[in-house]
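Peer 1: Just so you know, the protein sequences line up as chains Z and H, in that order. The first sequence maps to residues 1 to 194 in our numbering. The second sequence maps to residues 1 to 98 in our numbering.
If you're looking for bench data, these hints aren't it; they were derived computationally from the structure. Treat the hints with care, since some could be wrong.
Stated by the list, open to error - Under the rule of at most 20 Å between Cα atoms (straight-line distance), these lysine to aspartate or glutamate pairs were calculated in the EDC-like manner: (1) H:Lys14 x Z:Asp30; (2) H:Lys62 x Z:Glu79; (3) Z:Lys96 x H:Glu45; (4) Z:Lys12 x H:Glu22; (5) H:Lys14 x H:Glu31; (6) H:Lys63 x H:Asp41; (7) H:Lys14 x Z:Glu88; (8) H:Lys64 x H:Glu19; (9) H:Lys14 x H:Glu39; (10) Z:Lys82 x H:Glu77; (11) H:Lys62 x H:Glu77; (12) Z:Lys8 x H:Glu22; (13) Z:Lys89 x H:Glu31; (14) Z:Lys89 x H:Glu77; (15) Z:Lys89 x H:Glu66; (16) Z:Lys8 x H:Glu77; (17) Z:Lys89 x H:Glu22; (18) H:Lys63 x Z:Glu88; (19) H:Lys62 x H:Glu31; (20) H:Lys14 x Z:Glu79; (21) H:Lys63 x Z:Asp97.
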Amino acid sequence: MKFLDQIKSYIKISGVAPISRRYFVMNAFDGATTVLGLVVGAYVVGISSELWVTWSGFGATLAMGLSGFTGSYMAEEAEGAKKLNSLEKSMLTGLKDSVVGKASRFASLWAAIIGGGAPALTGGVCLIPFFLSTKGLFSISLAVQISVALALSIMFLLGAILGRISNRNMLFHGAKMLLVGLILTVVFLALKLT
Amino acid sequence: MIRRLVLDVLKPHKPNVVELSEALSHLQGVEGVNIIINEIDQQVENAKVIVAGVSISFEDVKKKLEELGATVHSIDEVAAGKRIVEEVMTPQDSSARM
């Protein structure tokens with residue numbers, strides 16, 4: 001409980017909550033879009049093995065997670081150091097060992113976990129049908145359909161979250177995000193038809 | 001045996017005075033805390049911190065303030081001993097003000 005209180009206090013002091021919310025939505029959307037593109041692309045070329053999608057999707061998800069983690073960490077660490085230096089100048093004292101310094105270091109790590117975890121999570125969820133397909137639970141075509149449905153649902157959900165955050169219409173914002181996924185799917189399907 | 005401390009403190013905006021006063025009130029020997037903001041700057045604020053109790057450790061108060069990112073600029077008043085002695089006005093004080 002004390003550990004959780006400390007985390008809450010660091011989040012409050014560092015003001016990392018809105019930043020991590022942005023990272024979550026942006027990177028989660030990236031994760032879902034990438035796997036959606038991969039799955040629809042694989043469907044267009046007529047995949048014969050679910051293992052191909054599972055492993056290439058897993059590779060892409062892992063890369064997005066790692067990229068999100070390191071990118072967010074480095075960006076937030078640099079921003080945090082700049083803010084802390086400026087505050088130290090105003091305070092005329094070092095703040096590295098104070099709760100402000102600790103909160104700043106925690107904020108970088110928190111942003112990195114969210115920035116890396118979000119695409120890995122959404123990408124991973126979209127790949128579950130293919131993983132189950134390798135175990136013989138689904139056919140490839142059913143795995144494609146479920147995976148696309150999952151990716152589009154995640155996009156809608158992310159849009160709805162944005163609508164809730166901004167106190168606007170959740171359905172409308174969900175539909176706006178969903179449209180992006182639908183455009184991608186339609187473009188790929190049109191490619192298959194040509 | 002310190003009973004009352006009045007400190008001039010410079011602190012960042014976060015943690016705020018509510019968190020600061022709560023943290024100080026949990027220190028051993030502290031019975032009450034009052035924090036008044038005197039001045040607010042873009043990044044920092046100047047506060048008057050009054051700590052009252054039965055046996056206050058100045059070092060503990062200073063350490064806690066530093067832990068929370070604040071610095072003690074000056075010790076403006078200390079009351080120690082078996083009872084708190086209040087400031088008294090003397091004829092010199094009133095003539096000095098005239």
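Peer 1: Hint by hint, say whether it matches the structure.
Peer 2: Outcome of the hint check:
Of the pairs offered as hints, the one joining Lys14 of chain H and Asp30 of chain Z is violated, with about 33 Å between alpha carbons and a cut-off of 20 Å exceeded. Using a Cα cut-off of 20 Å, the hinted pair Lys62 of chain H and Glu79 of chain Z is violated, with the two alpha carbons roughly 29 Å apart. Our distance criterion of 20 Å between C-alpha atoms is met by Lys96 of chain Z and Glu45 of chain H, whose separation comes to about 19 Å. Taking the CA atoms of Lys12 of chain Z and Glu22 of chain H, the gap is near 16 Å; set against the 20 Å cutoff, the hint holds.
A threshold of 20 Å between alpha carbons decides the hint, and for Lys14 of chain H with Glu31 of chain H the separation of about 24 Å lies outside it, so the pair is violated. Proposed proximity of Lys63 of chain H and Asp41 of chain H is contradicted: the alpha carbons are some 24 Å apart, above 20 Å. Our distance criterion of 20 Å between C-alpha atoms is met by Lys14 of chain H and Glu88 of chain Z, whose separation comes to about 13 Å. Taking the CA atoms of Lys64 of chain H and Glu19 of chain H, the gap is about 12 Å. The hint holds against a cut of 20 Å.
For the proposed pair Lys14 of chain H and Glu39 of chain H, the alpha carbon gap of about 15 Å is at most 20 Å, so the pair holds. A distance of roughly 36 Å separates the Cα atoms of Lys82 of chain Z and Glu77 of chain H; the hinted pair therefore is violated under the 20 Å criterion. Only pairs whose Cα atoms come within 20 Å are accepted, and Lys62 of chain H paired with Glu77 of chain H is accepted, the gap being roughly 14 Å. Between Lys8 of chain Z and Glu22 of chain H, the direct Cα distance comes to roughly 16 Å. Compliance with the 20 Å bound is thereby established for this hinted pair.
A distance of roughly 34 Å separates the Cα atoms of Lys89 of chain Z and Glu31 of chain H; the hinted pair therefore is violated under the 20 Å criterion. Proposed proximity of Lys89 of chain Z and Glu77 of chain H is contradicted: the alpha carbons are some 28 Å apart, above 20 Å. The suggested pairing of Lys89 of chain Z with Glu66 of chain H holds, with an alpha-carbon distance near 16 Å, which does not exceed 20 Å. Restraint check for Lys8 of chain Z and Glu77 of chain H: the C-alpha separation of about 35 Å exceeds 20 Å, so the hint is violated.
Annotation: proposed proximity of Lys89 of chain Z to Glu22 of chain H is violated, straight-line Cα distance about 27 Å (limit 20 Å). About 17 Å separates the Cα atoms of Lys63 of chain H and Glu88 of chain Z, which keeps this hinted pair within 20 Å; it holds. With a C-alpha separation of about 16 Å, the suggested pair Lys62 of chain H and Glu31 of chain H falls inside the 20 Å cut-off, and the hint holds. Using a Cα cut-off of 20 Å, the hinted pair Lys14 of chain H and Glu79 of chain Z holds, with the two alpha carbons roughly 17 Å apart.
Of the supplied pair hints, the one linking Lys63 of chain H and Asp97 of chain Z holds, its CA atoms being roughly 11 Å apart against a limit of 20 Å.
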